[in-house]
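Engineer: Sequence:
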Amino acid sequence: MLPKTDADQTRNAVIAVGIKNSPPIIASTTLEQLELPAQINSMLSQLEAELSQRKAAALELVEKQQIEEMPQNYKQRKVEAPPSVPLSTQTSTGSAQKHQLTLF
Numbered sequence: 077m078l079p080k081t082d083a084d085q086t087r088n089a090v091i092a093v094g095i096k097n098s099p100p101i102i103a104s105t106t107l108e109q110l111e112l113p114a115q116i117n118s119m120l121s122q123l124e125a126e127l128s129q130r131k132a133a134a135l136e137l138v139e140k141q142q143i144e145e146m147p148q149n150y151k152q153r154k155v156e157a158p159p160s161v162p163l164s165t166q167t168s169t170g171s172a173q174k175h176q177l178t179l180f
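For the sequence shown, the numbering used here begins at 77 and goes up steadily by one.
Any given hint could be a false lead.
Claimed, not checked - Here are the simulated DMTMM-like pairs of lysine to aspartate or glutamate, each with C-alpha atoms no more than 20 Å apart in a straight line:
#: 1; residue 1: K96; residue 2: E136
#: 2; residue 1: K96; residue 2: E126
#: 3; residue 1: K96; residue 2: E139
#: 4; residue 1: K131; residue 2: E108
Because the hints were derived from the structure by calculation, they are not lab data.
Please model the complete structure; the sequences and the hints are all you need to start from.
Structural biologist: Laid out in structure tokens, this is it:
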């Protein structure tokens, strides 16, 4: 509710209802006209009617965020090179052929 003024004007009240990660439904009324159960029930009915649309929008947002994160994960991925063979264990091609099997 907005604060009371010096001139005794009517006080305005702002009512909002919503769910996480979705814009709220907002209504404004005066304090004298404020009927909480009727106003809240009306807004909850509106929220219930919009729930499927809001769910679709939320799923689309999550999917978009996942697509945007994929290239970043790809760039951060490290590929390890195979270990290098020390020079002392390398042999000449002649000795390597002695131990090689030929399969047909």
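Engineer: Take the hints in turn and mark each one as holding or not.
Structural biologist: Structure-based check of all given hints:
1. Using a Cα cut-off of 20 Å, the hinted pair K96 and E136 holds, with the two alpha carbons roughly 15 Å apart.
2. Annotation: proposed proximity of K96 to E126 holds, straight-line Cα distance about 14 Å (limit 20 Å).
3. Restraint check for K96 and E139: satisfied, since their Cα atoms lie roughly 17 Å apart, inside the 20 Å limit.
4. The hinted pair formed by K131 and E108 fails the criterion: a straight-line CA distance of about 35 Å is larger than 20 Å.
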